[in-house]
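K.L.:
One letter stands for each residue in the lines below.
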Amino acid sequence: MDYRKHHKKVVVITGGETGIGKEVARTFLHQGAKIELLGISEPDLIDTQKEFGTACQFQIYDVTETDTTKRMVKNIVERHGRIDVLINNAGIHLKKATDTMTVPEFKKMLDVHVTGAFSITSEILPLMKAKKSGNILFMASMAALIGLPEVIAYAAAKSAYLGMVRSLATEVSSLGIRVNAIAPGWIDTPLLRKALENDRNREKKILGRTPMGRFGKPKDIADAASFLCSPEAGFITGTILPVDGGASIGF
Amino acid sequence: MTGFGLLKNKIAIVTGGSQGLGLSTATYLAQNGAKIAIFDLDDEYTALKADELPGSGHLGIRCDVTDATERVKAIQVVLDTFGTIDVLVNNAGIQFHSGAQDMPEEQWLKVINVNLNAVMFMSRDVSRTMINNGQGSIINIGSIASFQAMPGRTVYTTTKTGILGLSRNLAIDWGPYNIRVNTVCPGYHDTPLLQKYIANGTLDPELIKSRIPMARMGLAEDIGKAVTFFASELSEYITGQSIMVDGGYTAYGGAGGLNGVED
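First to last, the sequence lines map onto chains A and B.
Going by the numbering used here, the letters in the first sequence line up with residues 951 to 1201, in that order.
Going by the numbering used here, the letters in the second sequence line up with residues 23 to 285, in that order.
Just chain A, with the same shape it has in the complex (with noise of 0.2 Å):
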């Protein structure tokens, strides 16, 4: 469906290039915005790129390479003038059990996580905070809300995303920039579908426990996203948004 809601709107997104990131640029796109995704895959950004056309532009950028934020938000600035969406969606999963995991793999979690959108959350904020208006979304999980074996690091990754939310949502606010958290469940991706796809018993075993007995679609997430950047969710500011077909909610 076409609102053209997010007309004109400058939406930057990391991970844009595949998954999650991809239909969230993909809707946001739909709905009027023009899009800046920042990605690591140059293949995918360029599939991605040709596929959204010209209202779609691309930066390779990783997250973890902090000392080029600046210079590659000037690049938006350059092209677009503004920002009035931050999505921070880039991430990487790591499943090991504890005593496995080495410190060097749990620092990496929470460098591209935590440091690296804050990274590019401190060096966006002063365009949104000279406009007085602006959208920062950050993607958590459901890891960061209930316990989960063995995602030790990307569990402490995604919790501080709620830490993050809070706090700069209380900072921010009342400068018209709104702050919140998106905690997406069991989402059908081809990251999912890898996971499971020697594991029947464990697809069982998840929409066992998933109220609603699917997996979420990436479009899911995306109109989740897409709602809380905009207008219609003026007053929400602060709240972190499970979208999981209850899968959090314990039973």
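Keep in mind that the hints are not guaranteed to be accurate.
To be verified - In silico lysine to any residue, SDA-like type, Cα no more than 20 Å apart, as pairs:
(1) Lys231(B) with Ser1124(A)
(2) Lys1167(A) with Glu255(B)
(3) Lys1169(A) with Glu258(B)
(4) Lys1081(A) with Glu1028(A)
(5) Lys1169(A) with Glu255(B)
(6) Lys1167(A) with Gln157(B)
(7) Lys1079(A) with Ser1180(A)
(8) Lys1155(A) with Asp195(B)
(9) Lys1155(A) with Pro198(B)
(10) Lys1079(A) with Thr176(B)
(11) Lys1045(A) with Ile1156(A)
(12) Lys1154(A) with Tyr199(B)
(13) Lys1081(A) with Arg238(B)
(14) Lys955(A) with Lys30(B)
None of these hints come from the bench; they were simulated from the model.
Fit chain B to the given chain A structure using the hints.
P.N.:
Just chain B now, kept in the frame of chain A:
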């Protein structure tokens, strides 16, 4: 603001929908194409308010949601008129302010009856239609009191906290039927009731604004917008959840300052 047609041809019941946030919610749902049945206590006023909603053919029905007979009768009128029910907004609610040590038992029970029992049984009575349809969305109205306590609000806080557990359990019971149950939690919104509290000195608007990160009261329509999101297909994978529509009030834990939030 005009709607986006998100609820075209959907049938929605809004309890307590003839004034305040309930009326604003009914209005926004109607703007999005829904046919509305307002359930409220005053039959003439309720009918009048239903007539004034955008679009035509809406219903205003006298219904005390705590009364089993009236509930069944009113729901039947909706079914006879529209044929189905897609959305239920359990908005009707009351408050009673008292120090807990002086709480009259009668008032305690009355508030629990309206804010909690009626929500359960309105949902139950409507669920039969929704289960038959294999779809539906129920939106309960919580509060910042669903998460934070306030002096003199024991019973209100108890019911609004209870709403969260009720919503979660209804979500689990009815997830298999594709009925979603979520809670929208308003903060301080500019409504006639809030204006009354400000006028009679119960609320100090400057003090409240000083601990709202957005540094202002919400608009009444902010709630209708969030309810519309949860009523629509845009939230088709969201159930058992609550969302604060409070300008950041519950995200903030500092002391507040008259020039805005401080630590």
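K.L.:
Please go over all the hints and tell whether each is borne out by the structure.
P.N.:
Now for the hints, and whether the structure bears them out:
no. : hint                       : in the structure
1   : Lys231(B) with Ser1124(A)  : 10 Å, holds
2   : Lys1167(A) with Glu255(B)  : 12 Å, holds
3   : Lys1169(A) with Glu258(B)  : 10 Å, holds
4   : Lys1081(A) with Glu1028(A) : 16 Å, holds
5   : Lys1169(A) with Glu255(B)  : 11 Å, holds
6   : Lys1167(A) with Gln157(B)  : 18 Å, holds
7   : Lys1079(A) with Ser1180(A) : 18 Å, holds
8   : Lys1155(A) with Asp195(B)  : 18 Å, holds
9   : Lys1155(A) with Pro198(B)  : 15 Å, holds
10  : Lys1079(A) with Thr176(B)  : 40 Å, violated
11  : Lys1045(A) with Ile1156(A) : 16 Å, holds
12  : Lys1154(A) with Tyr199(B)  : 18 Å, holds
13  : Lys1081(A) with Arg238(B)  : 18 Å, holds
14  : Lys955(A) with Lys30(B)    : 18 Å, holds
Of the numbered hints given earlier, the model fails hint 10 alone.
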